[in-house]
Amino acid sequence: MKTDNALIVDYDAGNLHSVRRACHEVALDAGICADPDRIRHAQRVIFPGVGAAGSAMRSMRERGMDEALREVIDQGHPVLGICLGLQISLDYSAENDTPTLGLIPGQVCRFSFDRADLKIPHMGWNEVKVVQPHPVLAGIEPGDEFYFVHGYFPTPRDQGHVYAQTEYETVFASAIGHDNYFATQFHPEKSGRVGLRLLKNFAEWDGQC
Amino acid sequence: MGWPVLSKRVIACLDVRDGNLAKSVKFVDTQDIGDPVEKAKEYYLDGLDELVFYDITASSDKRNIMLDVVEAVANQVFIPLSVGGGIRSVSDATDLRLAGAEKINVNSAAVQRPELISECAQAIGDQNVVLSMDVLKVPVSDEIPSGYEIVINGGRQAMGLDALAWARRGEQLGAGELVVNSIDADGTKAGYELTLTRRIAEAVRIPVIASGGAGLPEHLYDVLTDGKADAALVASMVHYGEYRVSELKQNLHKRGLKIRMSW
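Chains as they are written, first to last, in this note's numbering: chain A, 1 to 209; chain B, 1 to 263.
Don't take each hint at face value.
Straight-line alpha carbon distances no greater than 30 Å define the calculated DSS-like cross-link-like pairs of lysine-lysine that follow [claimed, not checked]:
id, chain 1, residue 1, chain 2, residue 2
1, B, K258, A, K200
2, B, K41, A, K200
3, B, K189, A, K129
4, A, K129, B, K41
5, A, K200, B, K39
Keep in mind the hints are simulated off the structure, nothing from the lab.
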């Protein structure tokens, strides 16, 4: 089987073309792929997604994409989760009461607060503070902002998996990782220059940290 | 309480007529101000937070050209793109999404058939459906208790619909954001309609984007503070080179608003 340099996982969870376009801009020629066999053998994988955790997990399982993703991670290839991709990499999501992939221990909780000036979903530009250096976050400076759209947020059990934090009433983990897997709650593909920088870092990352 | 933690957004609106790339960005005076793709890129590189394309031809035979414009911009501009004008169905919305639009703006068609909002929300997610409303100040009446009425077709047709009631209805139907465009303020360059914007922002829990009337940097400041808007839409003040996007953002930042300042 032909080995793909980089693939974007298509599991019927949102529009992936903006991710593909942004990858292209940083010279990462990543195709969109719904075939778990090709994902399994790819050298580099991007795992995006928008929508609800319940239907996303169902779709992953129906396609055998959950196992393919585990395998490609086990082989040590760099994998980048984005938004819902990050959320379903933890053990459990409160959204639709969904058991998720369990790549990183922890849960996903719903934002809930009474302040009328804080809207849900958390949508817009917000600061991402790097709390632990990581090759994929190289060059991200204090004050750099990224674009977010989400109503739930990750709470990894082990602080060692948290690489960046963002504040929206509560301080939450906005970038997490473990070995060759790294994931962002924000959308690098919609975050201007700093987002492209992050994708370029991922394109050049060897999976070690 | 300090400022809410999300940065206030500066959004530029490009009206695209007939989709002709060579000379497509025009306004009422039909002055040609250039290629929308180049304009979009210029603003993006100058720190714009979000971009709205409005198809003011909105005739079905020209739609494919608009898709090409959106796609050309999406290939070069990596911030959220929103597209409006003539969207009547979920398939219009999904076509534009595939071309690279993040968000879809619905306006007249949603007033005539409110289910369009919920259908689009179902298909592409609440957060990506923007309800754009054109509003005219009218005498307070039983029908229009707020004194603000919804108009459609570019402000020509009054709908007997109260703007505050419509904003709440839009939110219930699944709109993720509102664009509040004051027909009275539009084109005056005398500032946004602060009372209207504030009353709508206080009536809903979704973000409100103020539109119409911006002429000076302080107008943006006023609507983002007194007007309680989450974002300010600008058009001619940047299109004709009077102000740069970065200049507007620096001004707001200096006055103490939370603004994205690194790009």
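Consistency of the hints with the structure:
A threshold of 30 Å between alpha carbons decides the hint, and for B/K258 with A/K200 the separation of about 28 Å falls inside it, so the pair holds. Of the supplied pair hints, the one linking B/K41 and A/K200 holds, its CA atoms being roughly 20 Å apart against a limit of 30 Å. At most 30 Å may separate the alpha-carbon atoms for a hinted pair to count; B/K189 and A/K129 exceed this at roughly 38 Å. Taking the CA atoms of A/K129 and B/K41, the gap is near 27 Å; set against the 30 Å cutoff, the hint holds.
Straight-line distance between C-alpha atoms of A/K200 and B/K39 comes to about 25 Å, which keeps the hinted pair within the 30 Å bound.
Of the numbered hints stated above, the single one contradicted by the structure is hint 3.
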